[in-house]
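Enquirer: With the hints in hand, could you dock these two chains into one complex?
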Amino acid sequence: MEIDLSKRILDRNERLAEENRRLFEEKGVFVVDLMASPGAGKTSTILATIAALRDRYRIAVIEGDIASKVDAEKIKEHGIPAVQINTGGACHLESDMIQRAVSALDLEEIDLLIVENVGNLVCPTEFYLGEDAKVMILSVPEGHDKPYKYPAIFEIAEAVILNKYDTVGMFDFDEEEFRSVVRRLNHRAPVFAMSATKGDGVGAWAEWLALRIEDSKTSSSEE
Amino acid sequence: MHEMGICQGILDASLDAAKAEGATRIKEIRISVGELTEVVEYALQFAFEALTPGTLAEGSVLLVNHIPAKSRCLQCGAEYEHDRFDSTCPSCGNPFSENIAGRELLIDSLEIDTGDEAPEDGE
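For the protein sequence lines, the chains are U and H, in the order given. Heads up, the final residue of the first sequence is numbered 223 in this note's numbering, and it's a clean run with no missing numbers. Heads up, the final residue of the second sequence is numbered 1123 in this note's numbering, and it's a clean run with no missing numbers.
Keep in mind that the hints were calculated from the coordinates and are not lab data. Some hints here could point you the wrong way.
[As the list claims (entries may be wrong)] Below, in silico cross-link-like pairs of lysine-lysine (BS3-like), each with a Cα-Cα straight-line distance of 25 Å or less: (1) Lys146(U) <-> Lys198(U); (2) Lys1070(H) <-> Lys7(U); (3) Lys1027(H) <-> Lys7(U); (4) Lys198(U) <-> Lys76(U); (5) Lys27(U) <-> Lys198(U); (6) Lys1070(H) <-> Lys146(U); (7) Lys1019(H) <-> Lys7(U); (8) Lys198(U) <-> Lys74(U); (9) Lys149(U) <-> Lys1070(H).
[Said to hold, decoys possible] Here are a few chain U residues that sit away from chain H, every Cβ distance over 10 Å (derived from the structure): (10) Glu2; (11) Leu10; (12) Glu18; (13) Lys27; (14) Pro38; (15) Lys74; (16) Pro81; (17) Glu158; (18) His187; (19) Leu211.
Positions of the beta carbon are idealized from the N, C-alpha and C atoms, including for glycine.
Extracted from the complex, chain H is given alone in its bound form (with noise of 0.2 Å):
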């Protein structure tokens, strides 16, 4: 269960970064989260809800951009996107490969309410 761990880490960062913009609220937060992650989404969800209440992310949505796993092959130099088990080259059947994408732990970005998105006056 790191999941509650790395909630807190999206939570710690995206309150230090909409504090920074004066945000009265976080209606929503980003994050990609690459396949070949041992990251569950509903557990990660789960633990939104129970870190947020009591601030400014409270209410908020925690919205999950997964991105698959994808090698480059050591052989011919394909890329391709692949499943978790078998990352064997679809053009030349080669079984060694480099990892590029889909171990991504990535924070993007966050919708905030500043509270003074009426019109401004005396500027």
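Next up, chain U with everything else stripped away, as it sits in the complex (with noise of 0.2 Å):
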């Protein structure tokens, strides 16, 4: 016999998510998802978005890595919450994690909470969490050619970092074929080069993220 189901492979992750959507739609809490190799850059552009914006939105970090706290207390040492998600192996976050850890944050407390995923550019993109915005980070030693072999991270971003772009002399990286793979990719995407570190360009990145958080503020308002 047949059953017919026509249904979602990652139904349950789904649901969860847009549970998790709902609740940070409820509490005003803009979410981003910050997605990009092991090294790339992520908690450091997220300690310079979090130096180019805490004057005007309350911050909290949820860091996701397959073990240890070192990337939470480098957040906390900043004054900022931070959540730590050990997924202990997972290659990835899904919604039943961020569940998890929003229960440890004051959300009536928070305008913007950025999660970093684990590091890695295949596993994250297949998992929605209930983001406002999936962002990637690429580092520019990784090299130009990443769109090529992982093209759905790249599809899928709101936005994508060029970090490490301080270093872009050093290393062989065509910026403009980079550029114009991401835009057939994606021609939605802006691409933000910067250093996270040094802070060059980090300006442009925090004015894309403000925007974003305003509009999603106006559009839930006219609901």
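Expert: Here it is in structure tokens:
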């Protein structure tokens, strides 16, 4: 006998993500999911973003790693609430992990929640967490050919940060080629060349993010 | 290796549906996977073999229907299939398009045994 199911494979993850979404909307929290390889500068980007926007928004961070609390502690040193998720081997975050992490935060006191996904260019792409935007970071030393090798992450990102841009002269990084492939895969995503640790170019990224946060406030108050 | 998690999702949904129908065994699970997803069929089949023993789906077949990438041209409106990296419109040459297919991850249907498929009596 045949049973017709026509169901999303990741139905459970997506249902929980939609619950997260409703909670974030209700509490007026804008959520950004940062995805990148290990070492691309996710934590440095978060610290640079905090420095740029902490006067305007109340920020909190969820740190996803396979193990350790190193990243959450780095964030807390800056006086920002941070929750560490240890996936214990899983290569990406899922919405139930976000749900548990969020229960440790006071959402009433947060405007911007930055989620640092596990360092990986493949797995995080299929898992909606309930975020407002997925953003991917590629660092210059990883090479301009990455969009050819990992297209999905570039396709779903709403913005691409090209980090460690201060080293562009030291590597054989063809920026024109990189921008053109990203544009072909995803013509909507702006590319922000920046150095998270030195601060160059962080302003443009922070402004884009602030604009998205303001847009989401306006659209939710219109509902 | 997120195929393990994806496979668990397939199995959980299939087992729930099969039990609800009173299945004694799942014979086949049919899924659709878009070519733009980062899902590797080999890894999915490997995970399936690892996860099914001891369940109603032990020994069943996972049948994967691959859905090609398809886009709609933002300039001329043509709809066309394309490969992963080049979604340039074949009609007008415009490189910008809207994706309309290829990101699917769906369980389509199941083939089950219910154990009472022999002629029914006493109804």
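Enquirer: For the pair supplied as a hint, Lys1070(H) and Lys7(U), confirm whether the alpha-carbon distance does not exceed 25 Å.
Expert: Given that 25 Å is the threshold and the Cα spacing comes to 21 Å, the pair holds.
Enquirer: Going by Cβ atoms, does Leu10(U) stay more than 10 Å from chain H at every point?
Expert: violated (5 Å)
Enquirer: Evaluate the condition: distance from the CB of Lys27(U) to the nearest CB of chain H exceeds 10 Å.
Expert: Answer for Lys27(U): holds, closest chain H Cβ roughly 28 Å.
Enquirer: Verify that the Cβ of Glu2(U) lies farther than 10 Å from every Cβ atom of chain H, and report whether the claim holds or is violated.
Expert: violated (6 Å)
Enquirer: Are the Cα positions of Lys198(U) and Lys76(U) separated by 25 Å at most?
Expert: Distance of about 20 Å is within 25 Å: holds.
Enquirer: Beyond 10 Å from every Cβ of chain H: is that where the Cβ of Glu158(U) lies?
Expert: Fine: 14 Å to the nearest Cβ keeps Glu158(U) off the interface.
Enquirer: Compute the least Cβ-Cβ separation between Pro38(U) and chain H, then decide whether it is above 10 Å.
Expert: holds (15 Å)
Enquirer: Need the status of pair Lys1019(H), Lys7(U): alpha-carbon distance at most 25 Å?
Expert: Satisfied, since the Cα-Cα distance of roughly 16 Å is no more than 25 Å.
Enquirer: Lys1027(H) and Lys7(U): Cα distance at most 25 Å?
Expert: With a Cα-Cα distance of about 18 Å, the restraint between Lys1027(H) and Lys7(U) holds, given a limit of 25 Å.
Enquirer: Lys74(U): least C-beta distance to chain H exceeds 10 Å?
Expert: holds (27 Å)
Enquirer: Lys149(U) and Lys1070(H): Cα distance at most 25 Å?
Expert: holds (20 Å)
Enquirer: Is the nearest CB of chain H more than 10 Å from the CB of Glu18(U)?
Expert: holds (15 Å)
Hint violations for this structure: numbers 5, 10, 11, 18, all remaining hints satisfied.
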